[in-house]
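Please model the complete structure; the sequences and the hints are all you need to start from.
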Amino acid sequence: MQPDELGTVASIEEVAQAIQSLTDVDYGRLYAAAAIKMSGSGYADAGDLVNDAVLSPYRAALGEGGRRWKRTVSFMAFLFMTIQGLASDSRRSAAHRLTDSHRQSGRDDDDEDQDAFETLAVATPSVEVTALNEERQVARRRVMERLQEHFKDDPEVQWIMLGLEEDKGPEEIQELSSMTETQYETARRRWRRALEKLVPGRRRS
Amino acid sequence: MSEDKASALFARMQDAALEDLLQASDQEILKEAAEDGKDLRGIAAALRERIATEMAQARRSRLVKAREQLDARRGSYRAARVRPPLQQLKQIVTETLRNAPAAGVAFREGQRLTEADWQSMYDDLIDLDLVHPHDDDR
Numbered sequence: 118m119q120p121d122e123l124g125t126v127a128s129i130e131e132v133a134q135a136i137q138s139l140t141d142v143d144y145g146r147l148y149a150a151a152a153i154k155m156s157g158s159g160y161a162d163a164g165d166l167v168n169d170a171v172l173s174p175y176r177a178a179l180g181e182g183g184r185r186w187k188r189t190v191s192f193m194a195f196l197f198m199t200i201q202g203l204a205s206d207s208r209r210s211a212a213h214r215l216t217d218s219h220r221q222s223g224r225d226d227d228d229e230d231q232d233a234f235e236t237l238a239v240a241t242p243s244v245e246v247t248a249l250n251e252e253r254q255v256a257r258r259r260v261m262e263r264l265q266e267h268f269k270d271d272p273e274v275q276w277i278m279l280g281l282e283e284d285k286g287p288e289e290i291q292e293l294s295s296m297t298e299t300q301y302e303t304a305r306r307r308w309r310r311a312l313e314k315l316v317p318g319r320r321r322s
Numbered sequence: 003m004s005e006d007k008a009s010a011l012f013a014r015m016q017d018a019a020l021e022d023l024l025q026a027s028d029q030e031i032l033k034e035a036a037e038d039g040k041d042l043r044g045i046a047a048a049l050r051e052r053i054a055t056e057m058a059q060a061r062r063s064r065l066v067k068a069r070e071q072l073d074a075r076r077g078s079y080r081a082a083r084v085r086p087p088l089q090q091l092k093q094i095v096t097e098t099l100r101n102a103p104a105a106g107v108a109f110r111e112g113q114r115l116t117e118a119d120w121q122s123m124y125d126d127l128i129d130l131d132l133v134h135p136h137d138d139d140r
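Chains as they are written, first to last, in this note's numbering: chain A, 118 to 322; chain B, 3 to 140.
Hint data in this document are derived by calculation from the structure and do not stem from the laboratory.
It is possible that some hints are incorrect.
[What the hints assert, rightly or not] Each pair of labels, with its calculated beta carbon distance range:
| # | chain 1 | residue 1 | chain 2 | residue 2 | range |
| --- | --- | --- | --- | --- | --- |
| 1 | A | Thr303 | B | Leu72 | 29 to 39 angstroms |
| 2 | B | Gln59 | A | Glu266 | 42 to 52 angstroms |
| 3 | B | Asp41 | A | Glu130 | 26 to 36 angstroms |
[Claimed, not checked] Quick look at which bits of chain B chain A covers, simulated, 3 or more residues with Cβ under 8 angstroms:
| # | segment |
| --- | --- |
| 4 | 33-42 |
| 5 | 52-60 |
| 6 | 91-99 |
| 7 | 123-131 |
Virtual Cβ for every residue (Gly too), placed ideally from N, Cα, C.
Below, the structure is given as structure tokens:
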């Protein structure tokens, strides 16, 4: 830990206090965020992702891995970033696990075969990884098509989707579309609510 | 659109949705949950219970680890202890943990503990120099 971080990293008591202060609405917000972000990751349930995100700073404060919470960032914003990070890590490790298990399956072969297999495994993704990628691509495409269909008569949301496609920020989208801030926020809320319902993944309500 | 671009766009969509969720007011979240028939209280209760259990487990494993380190340092020797009666022992453990949060050894009010748990915690606190056996005479 860098000396300048010493004063800002939350202690175990501060993390525990922040966790205890989470309200029902906070948990609802975290659950919705996890349900959106878990798509394509190794998480099968949004609750698992929320659980890991909330426990992460606690484990870090105990010195057992996890992500450290700096008090300069609001706890909720930190948890959102942690959900994003854990989902991305899980997405990568799911692919690695499949590659590793494929490599492991060749262990009984003789050395020459094993070398050849590992060369092949590095050069070409395994059947499982390819299948996983294809599954994710199909799911993504389906969500995008449904969003387009759902909002075909909603020009404000269409601007938002176009802006995201072109990697434009909120201000730029507002300027290009002549939407007021309120119109933009209301439209983005409509879009987000639809996305929440369309993103694949198991969830409880 | 190439798959790389589609993947990047999907990630941007997810992040934009999260930004919107973070900015939504509590009233909006409540309203949306009611519209969707979501049981926020139930979701929160289940998560709270699970998180509290895992926090307690993490604290306990930390305590076990600390005890193992102490045992190793002391040549794995732990003298047979004469402990005070259970009620007094519980009081000592409870007060010590309340007064020494920096020890990182946590205690949850209402947690069901067996007699052996209490005795083990008492021994741990002695090993951590937070309780001194002569204090038991009070």
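Now the hints, each set against the structure:
1. A/Thr303 to B/Leu72: 29 to 39 angstroms: About 60 angstroms separates the Cβ atoms of A/Thr303 and B/Leu72, which means 29 to 39 angstroms is violated.
2. B/Gln59 to A/Glu266: 42 to 52 angstroms: holds (46 angstroms)
3. B/Asp41 to A/Glu130: 26 to 36 angstroms: holds (31 angstroms)
4. 33-42: holds (count 7)
5. 52-60: Three-residue rule met by the segment 52-60 of chain B, so holds; n is 5.
6. 91-99: violated (count 0)
7. 123-131: Not satisfied, violated; 0 residues make the cut.
Checked against the numbered hints given earlier, this structure breaks hints 1, 6, 7; the rest are met.
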